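With the sequences and hints as input, model every part of the structure.
There are 2 protein chains.
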Amino acid sequence: MKRTGILMVVSGFSGAGKGTLMKRLLERYDNYALSISMTTREPRPGEEHGKHYFFVDRNEFEGQIADDGLLEYAEYCGNYYGTPRAYVEKCMEEGRDVILEIEIQGALKIKDKFPDTVLVFVTPPDAGELKRRLTGRGTETEDVIRERLLRAVEEARGVENYDYIVVNDELDKCVEDIHGIVTASHCRVQKSIVRIEKISKELSDLSKGEEQ
Amino acid sequence: MKRTGILMVVSGFSGAGKGTLMKRLLERYDNYALSISMTTREPRPGEEHGKHYFFVDRNEFEGQIADDGLLEYAEYCGNYYGTPRAYVEKCMEEGRDVILEIEIQGALKIKDKFPDTVLVFVTPPDAGELKRRLTGRGTETEDVIRERLLRAVEEARGVENYDYIVVNDELDKCVEDIHGIVTASHCRVQKSIVRIEKISKELSDLSKGEEQ
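Which chain is which? The protein sequence lines are A and B, in order. If you want the numbering used here, it's the position in the first sequence, counting the first as 1, plus 45. If you want the numbering used here, it's the position in the second sequence, counting the first as 1, plus 45.
Because the hints were derived from the structure by calculation, they are not lab data. The structure displayed is predicted, hence computed values, not measured ones. A hint or two may mislead.
Any copy will do: because identical chains look the same in the list, a pair fits if it lies in one copy or spans two.
What the hints assert, rightly or not - Capping the alpha-carbon separation at 25 Å, the derived lysine-lysine pairs in BS3-like fashion look like this:
| # | residue 1 | residue 2 |
| --- | --- | --- |
| 1 | 236 | 154 |
| 2 | 135 | 96 |
| 3 | 156 | 236 |
| 4 | 243 | 96 |
Structure (structure tokens):
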């Protein structure tokens, strides 16, 4: 029986350490693939097409929307951002577990369409470090700081609909947690129930003297 | 924040290799404790009180039932078998993940009372080895074999209500699966949602200029 990959969405407070966490996870295990987003914004210096993003024009992006080629998309500041379905599905069919790093609202849209998606939220152990990072060094205006704080609060809205919360206290522990969640997701009942029904049927037939 | 243990029930076809699996799991990781059953049957040679079973008389067992001292119990062939609640709760409070090896009907009773319990069913990859083991060497009567086969079918009845199925194809992979399931169970949303609510509240208060 071929094992297909899991789709896992990782969200979290900005500054919760998601980037480092994903990097370490991909270094340590070879079953993962990171999903690459599609966007209409201009590449920044050093960004490569097909590595950091798929860079396309509005015309092409809207074609993808019309063809149902995106798992989810949103528009921010006049630019589209979305998750190309084909790349994710190809990786999963190859048996790779795909990780998608997007915010909660997009993740919940994906979960609606694909209920097998595993949703994980990464959080620091307490507000301390977030507060220091968000309030800065006292050189920003109160308005700028207030907006940052409110944006951070917004980043956790809807987390109660997630499957898992990983507390990023110690990096290695956190990597093991994410990997454990993916391992467990491969063992969910619906993935193997058919196997057991088949075994039970064979044993039952045999008890009636019906050879396989 | 102190981490309390998980309660995990492991069931499976007899001969699916649960014993070897548990042994290997406990050798490899130090966070596990095996639950010890209480019974009114006589100890067999080599069995120790407090290691293989807690051996008690009917009077004491029925006292435990009356005091709600058992997570579940059943009577087979005139003997009681049950799971002492105090031992399991003590281990969990100490932060150990407790594994209980019982059949599906007892497991579902525990899950009813304690919905956080994680239910895992262990199965061989196909019916082949089970069939060979159950049909024996051709020296048993057809009735004996038929009864064995039907008992095996019975062992999987209700498995669709379980959380996870682990396919015991390769022992080490299977041990990693069980450990992954326990790791993931510690990350379930309800275990950490309070932490995130607290962080969000602190950030929100700070945005209103209310110092902590």
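To see whether the hints hold, each was checked on the structure:
1. 236 <-> 154: For residue 236 and residue 154, the Cα distance is within 25 Å both inside one copy (23 Å) and across copies (24 Å).
2. 135 <-> 96: So residue 135 and residue 96 pass the 25 Å test inside one copy only (16 Å; across, 51 Å).
3. 156 <-> 236: both (17 Å within a copy, 21 Å between copies)
4. 243 <-> 96: Answer is neither: 43 Å inside a copy and 37 Å across each miss the 25 Å cutoff.
Hint compliance for this structure: hint 4 is the single one not met.
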